[in-house]
Amino acid sequence: MIAPRVWCFGDNINTDLILPGPYLYRSPEEQARAVFQSNRPGWVDQVGKGDAIVAGFNFGMGSSRPAARSVRACGVGFLLAETINGLFFRNAVNYGLLACECPGVAAAFMEGDSAELSLEAWTVRNPRSGAVLAVTPVPAQLLALMRGGGLYPVMEARGLIAPA
Amino acid sequence: MGMTITEKILARASGAARVAPGDVAVVNVDTAVLLDLSFLPEGWREVLKVHDPSKVAIVFDHLVPASTVQAATCHQTGRAFAAKFGIERLHDVGAEQGISHAVIADRAYALPGSVLVNGDSHTCAGGAFNCAARGVGGPDMLWAITTGTAWFRVGETVRYDFTGRLRPGVTAKDLFLHIAGTYGAHVNQNVEYGGPGMSGLSINARRTIATMGAELSAEFTIFEPDDALIDYVRARNAAKFDPVWPDADATYKERRAIDLGALAPLVALPDAVVNQSVPVSEVAGTRIDQAFIGSCANGTLDDLEIAARVVRGRKVARGTRFIVTPGSQAVFRAALRAGYVETLLEAGAVVTPATCGACIGGHMGVLGPDEVCITASTRNFKGRMGDPSARIYMASPATVAASALAGHIAGAEEVFA
Ligand code: SF4
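Protein sequence lines, in the order shown, are assigned to chains A and B. Under the numbering used here, residue 164 is the last one in the first sequence; the count climbs by one each step, no gaps. Under the numbering used here, residue 417 is the last one in the second sequence; the count climbs by one each step, no gaps.
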């Protein structure tokens, strides 16, 4: 899977930056328009479909709000971070955002690089530098949810919730 | 090889003999708590089946009494859902109103040794009760109420052993700020608290520390049980429970000792909770517009008591707003009976009904551009309590109350000397 463009973010990117409090009460579409509005205004217009986010430690720290859904709705193809906050990771799994931990990733990519992710080899490659890093594998049952669009389709198929 | 408290609870709840770091445990959920925000139309779906209505509780807290039409609509959806499936534990606006984690504590819904999920990140508050309580997302909550289960990645555990006793005027919040300032984030790790000094901490103090586990980015934060805890739970909940101690040969990522008697009041600088703690003296004199005491972490009776003690017979500085929000209406009533509310009001504080309110920049204490606030709540992130240009310092309720009197950041030492 190739991300045409990598967007680099630092450590401790919190959920208030990804999905600001006042937008909690708006539609998912409006929420997606607000991503990173205080730390990186205008980013939602620059990010392209399939692009990757590369970040530092504890990405998504903070609240249980559906910030992972907003990141996915921006068109992000996958997210790699040194570490991912546990609650954000749950939401990534459950909303179907491909998000993996990858030690060393923050130093290995510069903004504007592309990135090649392999979920067979669990590696990511930087075509510019040739660097190849190991990605921490996501347990199979969680990966299946992440790639299958998360929990909602499963609950719908099982008749637990009504279709949207 | 032995297991930690978290591992033992998750193993039992998943029907496995043992679980270890790296495993994914699919567990039976004992209690699932929905909030008013759970019923926001952007995330809620019509539920066709509830696994076990007696295991569900609903607490309206972020937007109470309804602050907008949308909030009122969430409450209507929640009430209709409770009625449809016969969910009896509905904490609506009224006598049983409160922040979910405070209500869970008041009623001892988080039973020792059990598993609790709630669609709010500070659910680890229930860890004070030796409960594997974890904040999860909206889809997790729908899954838990419809299937009765949840998945957890099992992380490594860091164990803190407390010795000694906190000095007068030094609170659980200072202890937390010491841990957050010294050790930083605990991503993907469980945090467990025990040691000979633990029983010297009140249940409310343990709640403050457990609640703030969300700010350590921990998976689970759990206290060892003791007699005080077991008595507390028995007095409030007739259900059977089975507390869990760690195995003597449990494997920890690290074991850290903290001498409670050596701690002093701290303040976290604005914009982040961890790695930001400084002594009060370092920021003393910083002018403030607002002082806030409340939230699931610091809206306990202990917090109102210490705030009242600091302001007794004195006045809030001119030009400073002092807002106090009890964690639940039950706490509010207890504080009223104890005289704390009157003391706070006489000093010039505004005491609000129990709600998340100012903590989340919702209502009753939102900050304007460039304002400065000192808060005894959970988060000081940029924009958390209102305008993104506002600066939010975080401290103990004693330090916040002393700052409200001074009109700038100040310690409360003289009250406790
Ligand atoms: S009081 Fe604050 S931290 Fe606690 S649940 Fe409410 S908004 Fe969240």
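A couple of the hints might just be wrong.
Said to hold, decoys possible - In the EDC-like style, the derived pairs of lysine to aspartate or glutamate whose C-alpha atoms are separated by at most 20 Å in a straight line are:
#, chain 1, residue 1, chain 2, residue 2
1, B, LYS49, A, GLU156
2, B, LYS382, A, GLU156
3, B, LYS315, B, GLU342
FYI, nobody ran anything at the bench for these hints, they're computed from the structure.
Evaluation of the provided hints:
no. : hint                : in the structure
1   : B:LYS49 - A:GLU156  : holds (11 Å)
2   : B:LYS382 - A:GLU156 : violated (37 Å)
3   : B:LYS315 - B:GLU342 : holds (13 Å)
Hint compliance for this structure: hint 2 is the single one not met.
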